[in-house]
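Using the sequences provided together with the hints, build the complete structure.
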Amino acid sequence: MTAPITQPVTMAKALNEGLRKAMEADDKVVIMGEDVGKLGGVFRITDGLQKDFGEHRVIDTPLAESAIIGTAVGLAIRGYRPVCEIQFDGFVFPGFDQIVNQVAKFHNRSAGMVKMPITIRIPSGGGIGAVEHHSESVETYFAHTAGLKVVACSDPSDAYWMIQDAIADDDPVIFIEPKRLYHAGKAAIADAPTPLYQARVTRPGQHVTVAGYAGCVPTMLEAAKVAAEDGIELEVIDLRSVSPLDTPTVLESVQRTGRLIVVHEAPRSFGPGAELAARVTEEAFYSLEAPVLRVAGYDTPYPPSRLEHEWLPNLDRILDTVDRILEY
Amino acid sequence: MSEHVRAVHPEPDMVQLLTPEGQRVTHPEYSLDISDDDIAGLYRDLVLVRRIDTEAIALQRQGELGLWASLLGQEAAQIGSGRALKPHDMAFPTYREHGVAWCRDVDPLTLLGLFRGTNLGGFDPREHNFNLYTIVIGAQTLHATGYAMGIVRDGAVGTGDPQRDTAVLAFFGDGASSQGDVNEAFVWAGAANLPIVFFCQNNQWAISEPVERQSRVPLYQRALGFGFPGVRVDGNDVLACLAVTRRAMDDARSAQGPTLIEAYTYRMNPHTTNDDPRRYRLGSEAETWKLKDPIERVRAYLAREAGFGADFFADVEAESLKLAEHIRRGCRELPDPTPMSVFENVHVTMPAELRTQRDEFVDFVAEVGA
Chain L
247 MTAPITQPVT
257 MAKALNEGLR
267 KAMEADDKVV
277 IMGEDVGKLG
287 GVFRITDGLQ
297 KDFGEHRVID
307 TPLAESAIIG
317 TAVGLAIRGY
327 RPVCEIQFDG
337 FVFPGFDQIV
347 NQVAKFHNRS
357 AGMVKMPITI
367 RIPSGGGIGA
377 VEHHSESVET
387 YFAHTAGLKV
397 VACSDPSDAY
407 WMIQDAIADD
417 DPVIFIEPKR
427 LYHAGKAAIA
437 DAPTPLYQAR
447 VTRPGQHVTV
457 AGYAGCVPTM
467 LEAAKVAAED
477 GIELEVIDLR
487 SVSPLDTPTV
497 LESVQRTGRL
507 IVVHEAPRSF
517 GPGAELAARV
527 TEEAFYSLEA
537 PVLRVAGYDT
547 PYPPSRLEHE
557 WLPNLDRILD
567 TVDRILEY
Chain G
155 MSEHVRAVHP
165 EPDMVQLLTP
175 EGQRVTHPEY
185 SLDISDDDIA
195 GLYRDLVLVR
205 RIDTEAIALQ
215 RQGELGLWAS
225 LLGQEAAQIG
235 SGRALKPHDM
245 AFPTYREHGV
255 AWCRDVDPLT
265 LLGLFRGTNL
275 GGFDPREHNF
285 NLYTIVIGAQ
295 TLHATGYAMG
305 IVRDGAVGTG
315 DPQRDTAVLA
325 FFGDGASSQG
335 DVNEAFVWAG
345 AANLPIVFFC
355 QNNQWAISEP
365 VERQSRVPLY
375 QRALGFGFPG
385 VRVDGNDVLA
395 CLAVTRRAMD
405 DARSAQGPTL
415 IEAYTYRMNP
425 HTTNDDPRRY
435 RLGSEAETWK
445 LKDPIERVRA
455 YLAREAGFGA
465 DFFADVEAES
475 LKLAEHIRRG
485 CRELPDPTPM
495 SVFENVHVTM
505 PAELRTQRDE
515 FVDFVAEVGA
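Heads up: the protein sequence lines correspond to chains L and G, in order.
Residues 247 to 574, numbered by the numbering used here, are exactly what the first sequence covers, in order.
Residues 155 to 524, numbered by the numbering used here, are exactly what the second sequence covers, in order.
In case anyone wonders, no lab produced these hints; they're calculated from the structure.
No experiment lies behind these values; they were computed from the predicted model shown.
Cβ atoms here follow ideal geometry from the backbone N, Cα and C, with glycine treated the same way.
Listed next, the in silico BS3-like pairs over lysine-lysine satisfying Cα-Cα at most 30 Å (straight line):
1. LYS476/G with LYS240/G
2. LYS274/L with LYS240/G
3. LYS297/L with LYS284/L
4. LYS361/L with LYS240/G
5. LYS284/L with LYS274/L
6. LYS432/L with LYS297/L
Now the in silico label distances, taken between C-beta atoms and shown as ranges:
7. GLN501/L with ARG512/G: 21 to 27 Å
8. GLU175/G with GLU301/L: 51 to 57 Å
9. VAL522/G with ARG502/L: 34 to 40 Å
10. PRO547/L with ASP513/G: 37 to 43 Å
11. PRO254/L with GLY220/G: 56 to 62 Å
The structure is reproduced here in structure tokens:
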């Protein structure tokens, strides 16, 4: 990989630059999706790429998500490395069959002889005042599917490096992009990437471990700042990868803090928080001073946008849960 | 029920080059330049793939296979289309294209693992340019379309170099024609003028549902709406299937875009060995179709018109018996997978959690076995 960009950039720009680097690194990388060409995608993540790499490598597809994924499978069999853009989270479901039955299983069905190096980018989650089906958290469906990896970036630097690592991975990767962070601010790109499937302690602390990913990470960091004013030090872990989950990093932290809160937008029941709670209970039972608590989306359809800020794991809900976990 | 009994006479718009009685006939648009020796080769193919099918059904009845999807009645559609492929073309089958696999030099034993339960396919599609069987109805048509996109990006279409120009042959059935994936494949292939031929074996039945449940128009006519030609061919006529597929593949390789071929045929056997067609169709229907048997007409032609004698037919029969023995013995000798193998090839790089689960399983198996 070449040297990163030197100026601070938004997450949208970081992804754009990361995609560009991936395309330069391997001419088998093709980008495909709805409006990814001249328009540069509805979020402009692929801005300028078709102009520079041509219509054969940045493909404006017909409006058919199953076909975006299904043709990517065929391209992969032919030796290509497709990067599919799903325009919004809620529209991945027409492609669900191809992802779960074909992308995830093809390597296994071919007894390991065919690789499926497909990256499926999904602008995800809420917080942008969108209409229905535009704010979903779909990662749990895919984390539950053998053969897939699911990662989520939460800042420009990770976005830049993670998209390149995901594309370079020979396994299929669901790449969750928290759309409300696309233009949330600029940050510098780190000189070197954190390994793709590794969690990272974003802020050290000794009282409570707070682990989450994607759009929730900035909220977790904000909660840590506020809690610190009361003398409570939260250790914030950006999980970065939902599957595989980097359990050792979380365990190491929980063994020090004795307390774990998991934060995600995806509905609480059967979510990544439940899985992490189970693993921590199995591996660090005697370190726990309190039950693992979850701050998550509720088990409801994603609400109308005027209610989303109350519904999402916001600052108050995280701080309230910090209070609760310290009561044990 | 009786309204589903179909006319014996061929449809006027159906391409036929060899009648059920074994007479070669001409067609204004399609002709086939083929020697009698080559027709004898097709006869051999037809007989041998029917034997593969017969043996596999017997193996299922003996408990050696869990399931089998019979091709009986569809041999000509599969051999005719399969023999139109060049080695560097790519075929995307459903789970019934044993005859096409034969044309691709895939050992029949390779196909049995899926049905015996020793693997989930387990071969490299690139070895014979024949994809893994696909059980999700119609899903493979999109894989075929994507593969054709790759051919275009590789510059392997329309160059005029017969060693380079490549096309894809995508198989599906009448039932699959209702699937979204198949229609999306048509849309993409048409819009992007891809080098692909869609080969629909209309065997009249999607398990228990007659083709009338799937379509208000003859299936081949759907192609027009997607912007490429559709043609109906007598699916029990190996010469017509070869001629029509050859033309369509030539068109595809020379960048003239897709064709939909509807091979009009009949599924003589149950959908699979688990099915009971007596619940939904009349036996007399199959009796009618027996008169149009894809093998008998070639045999009649060779014997009556081309002077092939008893020796030739005896040789094919002897070869068929040898193949049967290969399948019977080979099937029983297919290695059982080891329990630990389920953890392999889930990913290219095994995640730590899966390694933990595997190790637990290994320990458990060792403990129980001890």
